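Novice: The residues making up each chain are set out below.
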Amino acid sequence: MSLKTAIRETYDGFKSLITGMRITAREAAKPTITVQYPHETLPMPDRFRGHVKLILDPATGQAKCNACGLCVRACPSNSLEVDGAKREGEKRKSVSKYELDFTTCSLCGCCVEACPSDAIEYSKEYNVVSRDRDDFAKMDIYKRLQAESEEWKKTHPTPPAPPAEAAPAATPTPATPVAATSSPAAAPVVAPAATPAKPATSAPVPAPAAASPAAPEQKPT
Amino acid sequence: MIAEKGLITSGHASDGTHETFTLNLGPQHPAAHGVLRVLMTMDGEWIQRAEPIIGYIHRMHEKMGENRSWAKFLPNTSRIDYLSAMNYTHAYVGAVERALKIEVPERAEYARVITSELNRISSHMVWWGALLLDLGGFTPILYAFDDREKILDLLEGLCGARLTYCYYRFGGLYNDVDDAFLKGTRDFVAHMKPRLTMYRELVTDNIILRKRLTDIGPISADMCRRYGATGPVIRGAGVAYDVRTVEPYSVYPKLKFKIPTYPQADSMARYLVRMDEMEQSLSIIEQALDLIPAGPFMAPKVPRVIKPPAGDYCYAVEAARGRFMVRIVSDGKEIPYRVKLRAPSFSNLSLYEEASKGMILPDALAMMGSLDLVIPDIDR
Amino acid sequence: MIDFLNLEPVRILLYLVAICAFVGANAAYLVLAERKGAGRIQRRPGPNEAGPAGILQPLADGIKLLAKQVMVPPGTDALLFRAAPLMVMAPPLMCLATIPFGDSIVAVNLNIGLLFVFSFGSINVMALMLGGWASRNKYAIISAARVVSQSVAYEIPMLLVVITMLMVTGTLDLSEVVKQQAGWFWHWNLFKVWVNPLMPVTFVIFFTCMLAETNRAPFDMAEAESELVAGAFTEYGGMGFGVFFMAEYANIVVGCCLATILFLGGWQSPIGALSGGLWGPVWFLGKMYALIFTVIWIRWTFPRTQFYSLLNLSWKILIPVSLGTLLLTGAMMKLMPFVFPSLH
Chain W
1 MSLKTAIRET
11 YDGFKSLITG
21 MRITAREAAK
31 PTITVQYPHE
41 TLPMPDRFRG
51 HVKLILDPAT
61 GQAKCNACGL
71 CVRACPSNSL
81 EVDGAKREGE
91 KRKSVSKYEL
101 DFTTCSLCGC
111 CVEACPSDAI
121 EYSKEYNVVS
131 RDRDDFAKMD
141 IYKRLQAESE
151 EWKKTHPTPP
161 APPAEAAPAA
171 TPTPATPVAA
181 TSSPAAAPVV
191 APAATPAKPA
201 TSAPVPAPAA
211 ASPAAPEQKP
221 T
Chain P
1 MIAEKGLITS
11 GHASDGTHET
21 FTLNLGPQHP
31 AAHGVLRVLM
41 TMDGEWIQRA
51 EPIIGYIHRM
61 HEKMGENRSW
71 AKFLPNTSRI
81 DYLSAMNYTH
91 AYVGAVERAL
101 KIEVPERAEY
111 ARVITSELNR
121 ISSHMVWWGA
131 LLLDLGGFTP
141 ILYAFDDREK
151 ILDLLEGLCG
161 ARLTYCYYRF
171 GGLYNDVDDA
181 FLKGTRDFVA
191 HMKPRLTMYR
201 ELVTDNIILR
211 KRLTDIGPIS
221 ADMCRRYGAT
231 GPVIRGAGVA
241 YDVRTVEPYS
251 VYPKLKFKIP
261 TYPQADSMAR
271 YLVRMDEMEQ
281 SLSIIEQALD
291 LIPAGPFMAP
301 KVPRVIKPPA
311 GDYCYAVEAA
321 RGRFMVRIVS
331 DGKEIPYRVK
341 LRAPSFSNLS
351 LYEEASKGMI
361 LPDALAMMGS
371 LDLVIPDIDR
Chain Y
1 MIDFLNLEPV
11 RILLYLVAIC
21 AFVGANAAYL
31 VLAERKGAGR
41 IQRRPGPNEA
51 GPAGILQPLA
61 DGIKLLAKQV
71 MVPPGTDALL
81 FRAAPLMVMA
91 PPLMCLATIP
101 FGDSIVAVNL
111 NIGLLFVFSF
121 GSINVMALML
131 GGWASRNKYA
141 IISAARVVSQ
151 SVAYEIPMLL
161 VVITMLMVTG
171 TLDLSEVVKQ
181 QAGWFWHWNL
191 FKVWVNPLMP
201 VTFVIFFTCM
211 LAETNRAPFD
221 MAEAESELVA
231 GAFTEYGGMG
241 FGVFFMAEYA
251 NIVVGCCLAT
261 ILFLGGWQSP
271 IGALSGGLWG
281 PVWFLGKMYA
291 LIFTVIWIRW
301 TFPRTQFYSL
311 LNLSWKILIP
321 VSLGTLLLTG
331 AMMKLMPFVF
341 PSLH
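Residue numbers (the numbering used here), protein chains in the order written: chain W, 1 to 221; chain P, 1 to 380; chain Y, 1 to 344.
Next comes chain W alone, as it looks inside the complex (with noise of 0.2 Å):
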């Protein structure tokens, strides 16, 4: 190597060394990019995969999940155990347990895409903690639409079908919220002025907290 070539890779070099200092000055001009994440959270797409959930039926307030057993056998991991009741002066069953090994589920979405009745949908919860393994094990997605249920009531005064009356699994068993963030306390919706013939078009269904961009619109009837 001659002393020219030398010379000239030294300068080349420092010169790229310069290069990057200009580079990472200039990143450091700009302005923070993180979420500082306890005190701030992102919205999560619509499309998020969060642990399943039951759908609220907002003609009955209840489950529209007939426990026909489609999700438990097409999850992968064996995850979910579902059981089913025959209520009072229905022909059809209807989910009475839905439990969810958190610890097992693999988010894949075999269960929702196998539903044939559409009742089950992904959550958008994302910061699930809790201090009780039980909580992940045996997480009682029953229970949490019993509470959906509950809020659903309070915004129906006047319950539209007799069904929803004799509803058995009403025990009013307050849902431990699992998630950090969502405070069961959504802005309670008032009942549209009540059109007894038609009450479930208008009923609007009460969203979870984390308000899920996809809760259906308030339609004037």
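Read the hints as simulated data drawn from the structure, not as lab findings.
Fair warning: this is a prediction, and the values are worked out from it, not measured in the lab.
From the three backbone atoms N, C-alpha and C, an ideal C-beta is built for every residue, glycine too.
Heads up, some of the hints might be wrong.
Residues from chain W shown here face chain Y by an in silico Cβ test under 7 Å; the list is partial [to be verified]:
| hint | residue |
| --- | --- |
| 1 | Thr19 |
| 2 | Gly20 |
| 3 | Ala28 |
| 4 | Thr32 |
Position chains P and Y against the provided structure of chain W, taking the given hints into account.
Specialist: Using the frame of chain W, we list chains P and Y on its own:
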């Protein structure tokens, strides 16, 4: 030739008069990206023998395939190489589609290409940051993760997951690509091009990085062939082997892209191959965004219960680390008879023992970084 | 009162306390500054939970480290293992005693200050080596061997540069060196290109050697966490590690002080005016922290050098160039009075 060109050797490594010692690198070591253990016989800082010991994160993915239905194995494919989950799912889905003779709609194929290439870029970004971390540069990984976050946000908006996507289905996709995703991807491509220039100026041109990678860790094309190394490792040895062109799949034949190769066969060549691949992937994404047609995203007749006819089917894809192949053997039942996964990282690692002989410790680690190993991919 | 303060033992005690406090506060808050600086460069805020804007972070770290047991691994040389952190912390304290922070703020104004600083500065290496050797750990041993060869390689160009500066200044007394650079900033040794046109290069060599001597990135061969886990400190926990960590910053402070004095005019004002009195320490600390900031900036920009290219850099580039500047300076000093008699 490379060995003569400035590779430092100890000179007395083999005469047997020197005391050697054993260095147990890993399974918990900052350079072991996970749980790889390398048992090194050292003479001072020179490596006499480096034997990778694998299996610390073996999860029996192949066996799992044999005791669950075809569709239930789908989530597993995202978890073999968690950094290029899309590509891996593509291989499995492709194999089953080949067995069932399902014609996948064009729109789904283009969407698969776009998401696969996005996934390749994000995987290369992790590699880039982690390599620099191995070399002692801390800042680049954060810049890379900043950009990678944009890809993850896009894919999360599309399929709901950030890492283990499970987005492809037999015969199409889990859900349709929406306009927000297409627009976001276009914006990302425009954003990424100047960033790649920045990456080059900050790191690739840097004299310290060049000194650390040039002529270090030669892996010849012959060695690649003997060990079955693929991907950027073999392209860094000057062989233009890329599954996307040699065994074309999906809609890749309709897209124009170059296969970057570098004949130097050193760590720098592998580095440059990956940096060029990011550019090529961006160009592929741009073309695919222009070409993506409207239409269905699922094939019309996909049986509800998957029962491929008895037989032996293969499907290979170019994953971020090389050729990933799924071979499925069906006996016509609901459950696969055999699912064989050919993982690129395993082959890429197996040449490590031969290639690292006589190297100095930091160089050997730099070379390991240039192989871009994902340990769960090795152990499966 | 004044008489009491001027008593020699009292004065020494006061300076001792002041220096210990200075080193302690610097070491603690430079860690925070480093983390904040790294955060800025990487576009994140850095530590910001302990106290407002993370200002109490060093305190939290210190309490955490103090609360931990000081482990001596079985089979090690316990005496040397415990002595190493002390030996690594003592030299920078000693060095700072001779550093003039202002025109009258200096603990001991030695007429061999420069020599003193360098002889104590070299002990640092021995401490790291002892720590690595006494740890009975393979990574630590490799690190110790690296530290020694690196230090030997970089001591030479550094001292060659210092000899050059000695020829320019003609004194080993650090206060005297500063006094010669009075006036506008072109009187600083860094810009004295009429004495030696390669003076900025000399400064770059000095700065590079200082980075290498203090084991700072990109020359942090001793730590090299992706290769050697934590190098010589692998087996240290609790405050043993904490002292090593703080000593790194204390050494940087000493190195930057020296660079400020030798090249940047010490406590002299760059604009001629506003010097003397309390302005002295202000200018001095300003220059010193600017250099330290550069050190931090460099660390978060570059990858680590390879060990043999580090030695190559020293033996093949820095030593020849510093010898060249030495020769050039000597020749210029002898010849210039003949060429331009009016200048001298």
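Novice: A closest beta-carbon separation below 7 Å is what the hint needs, so does alanine 28 (chain W) meet it against chain Y?
Specialist: Nearest chain Y Cβ about 4 Å off; hint holds.
Novice: Against chain Y, is threonine 32 (chain W) within 7 Å by beta-carbon distance?
Specialist: 5 Å, holds
Novice: Would the hint on glycine 20 (chain W) be counted as holding, given a Cβ-Cβ threshold of 7 Å to chain Y?
Specialist: Glycine 20 (chain W) check passes; min Cβ-Cβ to chain Y is 5 Å, inside 7 Å.
Novice: Quick one, is the threonine 19 (chain W) hint okay against chain Y at 7 Å, beta carbons?
Specialist: For threonine 19 (chain W), the interface hint is violated, since the closest Cβ of chain Y sits about 10 Å away, which is over 7 Å.
Of the numbered hints listed earlier, the single one contradicted by the structure is hint 1.
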